[in-house]
Amino acid sequence: MPQPEISQSNPPLVKKRISDPRSIQILLIGLTYLFFIGFIFLPLGLVFSQAFGKGWKFYLEAIREPYAIEAVKLTLLTVAIVVPINAVFGVTAAWAITKFNFRGKSTLKSLLDLPFAVSPVIAGLIFVLLVGSRTPFGSWLGEHGIKIIFSTPGIIIATIFVTFPFIARELIPLMEAQGRDEEEAALTLGAKGWQIFSKITLPNIRWGLLYGMILCGARSIGEFGAVSVVSGHIRGQTNTIPLHVEILYSEYNFTASFAVASLLVFLALLTVVIKSGMEKHFQKNSFHH
Amino acid sequence: MGIELQNINKQFGEYKAIDNLSLNIPSGDLIALLGPSGCGKTTLLRIIAGLELADSGKIILENKDTTNLPPREKNVGFVFQHYALFRRLTVFENVAFGLKVLPFRERPARKEIRERVEHLLKLVQMDWALSRFPSQLSGGQRQRVALARALAVNPRVLLLDEPFSALDAKVRQELRRWLRKLHDEIHVTSIFVTHDQEEALELADKIVVINKGRIEQQGTPQEVYDHPANAFVYNFLGNVNVFHGRIHNGKVSLGAHSVDAPDELKNVEEKTSQTFVRPHEIGISRIRSNQNDLEGTIREVRLQGGQIGLNIECQGLDNPIEAEVPRELFVNLQLAKGVQVFVTINRVRVFTGDYEI
Chain A
1 MPQPEISQSN PPLVKKRISD PRSIQILLIG LTYLFFIGFI FLPLGLVFSQ
51 AFGKGWKFYL EAIREPYAIE AVKLTLLTVA IVVPINAVFG VTAAWAITKF
101 NFRGKSTLKS LLDLPFAVSP VIAGLIFVLL VGSRTPFGSW LGEHGIKIIF
151 STPGIIIATI FVTFPFIARE LIPLMEAQGR DEEEAALTLG AKGWQIFSKI
201 TLPNIRWGLL YGMILCGARS IGEFGAVSVV SGHIRGQTNT IPLHVEILYS
251 EYNFTASFAV ASLLVFLALL TVVIKSGMEK HFQKNSFHH
Chain B
1 MGIELQNINK QFGEYKAIDN LSLNIPSGDL IALLGPSGCG KTTLLRIIAG
51 LELADSGKII LENKDTTNLP PREKNVGFVF QHYALFRRLT VFENVAFGLK
101 VLPFRERPAR KEIRERVEHL LKLVQMDWAL SRFPSQLSGG QRQRVALARA
151 LAVNPRVLLL DEPFSALDAK VRQELRRWLR KLHDEIHVTS IFVTHDQEEA
201 LELADKIVVI NKGRIEQQGT PQEVYDHPAN AFVYNFLGNV NVFHGRIHNG
251 KVSLGAHSVD APDELKNVEE KTSQTFVRPH EIGISRIRSN QNDLEGTIRE
301 VRLQGGQIGL NIECQGLDNP IEAEVPRELF VNLQLAKGVQ VFVTINRVRV
351 FTGDYEI
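Protein chains in written order, with my numbering: chain A, 1 to 289; chain B, 1 to 357.
These aren't lab readings, by the way, just hints derived from the structure by calculation.
Every residue, glycine too, gets a C-beta built ideally from N, C-alpha and C.
Accuracy of the hints is not assured; some may be wrong.
BS3-like cross-link-like pairs, simulated, lysine-lysine; straight-line CA separation at most 27 Å [to be verified]: (1) A:Lys192 / B:Lys181; (2) A:Lys73 / A:Lys54; (3) B:Lys100 / A:Lys199; (4) B:Lys64 / B:Lys122; (5) A:Lys199 / B:Lys111; (6) B:Lys170 / B:Lys181; (7) B:Lys100 / B:Lys64; (8) B:Lys100 / A:Lys99; (9) B:Lys100 / B:Lys122; (10) B:Lys58 / B:Lys122; (11) A:Lys192 / B:Lys16; (12) B:Lys206 / B:Lys16; (13) A:Lys99 / B:Lys16; (14) B:Lys16 / A:Lys105.
Calculated Cβ distances over 12 Å to all of chain A for the following chain B residues [unchecked claim]: (15) Glu62; (16) Glu295; (17) Val301.
Whenever a hint applies, use it, and build me the whole structure from the sequences.
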């Protein structure tokens with residue numbers, strides 16, 4: 001039989017055709033590394049070298065200073081409120097957009113990207129114009145003892161606005177890919193709405209939901225622009241971590257500023273670690289889809 | 001009656017999916033809704049299940065008017081084309097789902113649920129897979145689990161939406177026979193939707209042929225196949241050669257040739273006609289046996305399992321004829337590409353009037 005001989009003589013030729021030349025590979029990989037070094041590793045290293053520039057003791061003092069601790073508390077409080085609210089909103093929006101047909105659906109879907117497209121500063125200004133003390137609604141609220149701008153509610157509302165797309169955007173493609181079949185099957189089997197949601201829909205989207213919540217949380221921690229406009233920068237009251245860093249920096253207190261900034265870096269790194277851990281889990285579970 | 005549908009209408013925008021359709025199905029029957037894609041058969045099934053709302057009409061399942069019941073109270077078993085198993089639940093949990101979501105007072109005890117699920121999985125020959133996840137099963141196995149899940153709630157009727165179309169040919173055939181056997185055991189009134197005439201002919205007690213949201217014909221597989229009510233049904237129920245021509249003085253023209261018209265059309269004086277001949281009803285020989293035989297040349301030979309498909313170009317006909325001959329005849333006559341043959345057209349079905357395929 002002549003056939004085996006033919007198939008054995010050819011492999012090198014095939015390999016040549018399907019992969020790029022080695023030189024191009026090296027060039028592209030090299031450029032990628034260069035970019036990472038210039039824009040990620042180097043700045044990260046500088047943050048830490050500045051933060052620890054005056055030694056461990058100074059570093060600990062800077063992050064244990066009362067205003068810094070208040071800033072950390074406020075940031076964590078904001079995250080703790082914003083993420084659950086946006087989780088509920090994100091699931092609701094994704095559910096409505098993927099499972100129902102209604103008027104204005106496609107408009108809604110594209111408006112979901114608005115917070116990404118609009119500068120956060122403008123987002124902050126919108127809320128100042130909406131509920132600031134000089135507006136009718138704001139003064140009405142003020143008369144009833146509710147203060148939004150220059151206080152914690154304003155920070156939370158601005159952060160919600162800036163971060164609300166994360167979860168919905170994570171869930172919509174996932175839920176679109178999964179379709180309505182399982183929900184319909186549950187329906188014909190006699191399940192009620194909340195049973196379908198808790199037993200079928202939620203388990204199917206739980207990893208996507210968690211993933212979106214982590215992204216949302218990371219962004220909430222670091223949000224500067226919108227929060228800066230509505231907070232009023234009152235030390236110990238309306239300063240989040242990024243705002244506190246900025247104040248220290250503008251006071252030429254560089255070392256303290258970078259020390260507090262390093263907290264943000266730690267939180268970001270933690271997020272990345274959790275995220276990549278979940279991505280692995282995601283892939284492992286994706287064959288269940 | 002198992003299922004009574006009265007004057008069902010359903011419109012999607014401008015498009016009429018179901019057009020004043022009525023249908024009665026006796027209890028315990030297995031019915032095929034057969035039609036091309038987009039004919040409304042799946043929509044009809046979803047309307048019966050309550051997954052889609054009819055614009056008007058009445059649905060009565062086992063003598064209970066379910067028209068206005070929400071889907072979860074209709075108590076139908078629905079089997080989806082792509083199984084729709086709950087991917088995060090095990091096979092056991094999937095089948096138990098319908099029992100576990102019952103209100104507390106109606107819900108069977110845990111032990112009863114277990115027994116019922118195990119019984120059903122045994123029935124569909126999947127009892128070995130209790131703790132597997134759907135992703136660990138093959139398509140055919142998934143569909144059997146889906147069937148057990150639908151049967152778990154003791155449905156009034158069982159609805160199957162193209163249940164085998166996502167499976168490969170061999171498994172499809174196996175599962176078909178198995179479903180027929182299962183239905184003979186459990187006798188729940190069932191409707192399955194299909195676009196595969198072979199499946200409908202083999203499996204169903206009765207076939208309902210649907211086109212453009214209306215019923216073209218209903219009857220046993222034998223009736224529908226042997227006595228198609230119109231050109232659409234004839235054409236849809238299998239491969240067919242179509243000759244456009246005229247009927248004139250008891251003769252039907254086929255290109256330059258003509259054959260005797262069927263008895264019921266003998267008296268038609270002059271009308272446009274369409275003549276249908278099934279490929280396996282065409283006779284092939286190497287010598288002329290009859291003066292009406294057409295002379296032709298084999299242009300293409302296709303192997304189709306036990307049959308051989310021939311594409312024959314005939315003198316006096318615009319389009320080539322498709323014929324099917326048993327393998328044995330093919331060998332005996334020493335047929336091959338390019339060989340001259342004589343074609344005898346034995347049985348024709350003639351439909352008059354305009355009809356577009």
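For each hint, the structure was consulted:
Proposed proximity of A:Lys192 and B:Lys181 is contradicted: the alpha carbons are some 33 Å apart, above 27 Å. Of the supplied pair hints, the one linking A:Lys73 and A:Lys54 holds, its CA atoms being roughly 25 Å apart against a limit of 27 Å. About 11 Å separates the Cα atoms of B:Lys100 and A:Lys199, which keeps this hinted pair within 27 Å; it holds. Restraint check for B:Lys64 and B:Lys122: the C-alpha separation of about 31 Å exceeds 27 Å, so the hint is violated.
Taking the CA atoms of A:Lys199 and B:Lys111, the gap is about 21 Å. The hint holds against a cut of 27 Å. For the proposed pair B:Lys170 and B:Lys181, the alpha carbon gap of about 17 Å is at most 27 Å, so the pair holds. Of the supplied pair hints, the one linking B:Lys100 and B:Lys64 holds, its CA atoms being roughly 25 Å apart against a limit of 27 Å. Taking the CA atoms of B:Lys100 and A:Lys99, the gap is near 24 Å; set against the 27 Å cutoff, the hint holds.
At most 27 Å may separate the alpha-carbon atoms for a hinted pair to count; B:Lys100 and B:Lys122 meet this at roughly 19 Å. A C-alpha spacing of about 37 Å is found between B:Lys58 and B:Lys122, which places the hinted pair above 27 Å, so the restraint is violated. With a C-alpha separation of about 31 Å, the suggested pair A:Lys192 and B:Lys16 falls outside the 27 Å cut-off, and the hint is violated. Note on B:Lys206 and B:Lys16: the hinted pairing holds, with a Cα-Cα distance of about 25 Å set against a maximum of 27 Å.
Distance restraint check for A:Lys99 and B:Lys16: the Cα-Cα separation of roughly 23 Å lies within the 27 Å cut-off, and the hinted pair is therefore satisfied. A hinted pair counts as satisfied when its Cα atoms are at most 27 Å apart, and B:Lys16 with A:Lys105 qualifies at roughly 24 Å. Distance check on B:Glu62: its Cβ is at least 16 Å (rounded) from any Cβ of chain A, clearing the 12 Å threshold; non-interface status holds. The claim that B:Glu295 is not at the interface with chain A holds, since no C-beta of that chain comes within 12 Å of its own (minimum 43 Å).
The Cβ of B:Val301 sits about 26 Å from the closest Cβ of chain A, beyond the 12 Å cut-off, so the non-interface label holds.
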